[in-house]
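Last residue of the sequence shown: 1052 in my numbering, with the numbers rising by one and none dropped.
A couple of the hints might just be wrong.
[Said to hold, decoys possible] Simulated crosslink set (EDC-like; lysine to aspartate or glutamate; CA at most 20 Å straight-line):
| # | residue 1 | residue 2 |
| --- | --- | --- |
| 1 | K992 | E1039 |
| 2 | K1021 | E1039 |
| 3 | K1022 | D1049 |
| 4 | K1036 | E996 |
| 5 | K973 | D1049 |
| 6 | K1025 | E996 |
| 7 | K1036 | D1049 |
| 8 | K1022 | E996 |
[Unchecked claim] Derived CB-CB ranges, DEER-like:
| # | residue 1 | residue 2 | range |
| --- | --- | --- | --- |
| 9 | I1002 | V1046 | 13 to 21 Å |
| 10 | G988 | S1037 | 14 to 22 Å |
| 11 | K992 | H1024 | 29 to 37 Å |
Simulated from the structure, these hints should not be mistaken for lab results. Backbone N, C-alpha and C define an ideal beta-carbon position, used for all residues, glycine too.
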Amino acid sequence: MSYKQFRKESRSKLPLSPPPPVIPSYCGISIKPTPEILNAYINLFVYVWLINGSAFWMFPKKIHKNILCGYIWSGKSWESACFSHVLIDSIY
């Protein structure tokens, strides 16, 4: 699924509220999140740390061919995003 396809299909599925106001502490994990593990987080608020050091609230909507798609909180609004699950360092 391309980012363009995701945006077209799911714009009406934006989260109805902002994420929780508290950012959780980093929690390194010993196993990398797989698509099967990440599937449990679909339609839930999660905090994501990427291997490049970025961190953000996300509302995952789907996983397709190892690509996680959903919405990332910009601080003011939800923005569409898709990225490979191998970029995830940790998730809360």
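Status of the hints after comparison with the structure:
Proposed proximity of K992 and E1039 is contradicted: the alpha carbons are some 25 Å apart, above 20 Å. For the suggested pair K1021 and E1039, the alpha carbons sit about 12 Å apart, so the restraint of at most 20 Å is met. Using a Cα cut-off of 20 Å, the hinted pair K1022 and D1049 holds, with the two alpha carbons roughly 19 Å apart. A distance of roughly 30 Å separates the Cα atoms of K1036 and E996; the hinted pair therefore is violated under the 20 Å criterion.
This hinted pair does not check out: K973 and D1049 have alpha carbons roughly 26 Å apart, beyond 20 Å. Of the supplied pair hints, the one linking K1025 and E996 holds, its CA atoms being roughly 11 Å apart against a limit of 20 Å. Under the criterion of a C-alpha separation no larger than 20 Å, the hint pairing K1036 with D1049 is inconsistent with the structure, at around 24 Å. Restraint check: the Cα-Cα separation between K1022 and E996 comes to about 11 Å, which is no more than 20 Å; the hinted pair holds.
Distance hint check for I1002 and V1046: the Cβ-Cβ separation is about 18 Å, which falls inside the suggested range of 13 to 21 Å. Hint check: G988 to S1037, Cβ distance near 29 Å, so the stated range 14 to 22 Å is violated. As the Cβ distance of K992 to H1024 is approximately 18 Å, the hint placing it in 29 to 37 Å is violated.
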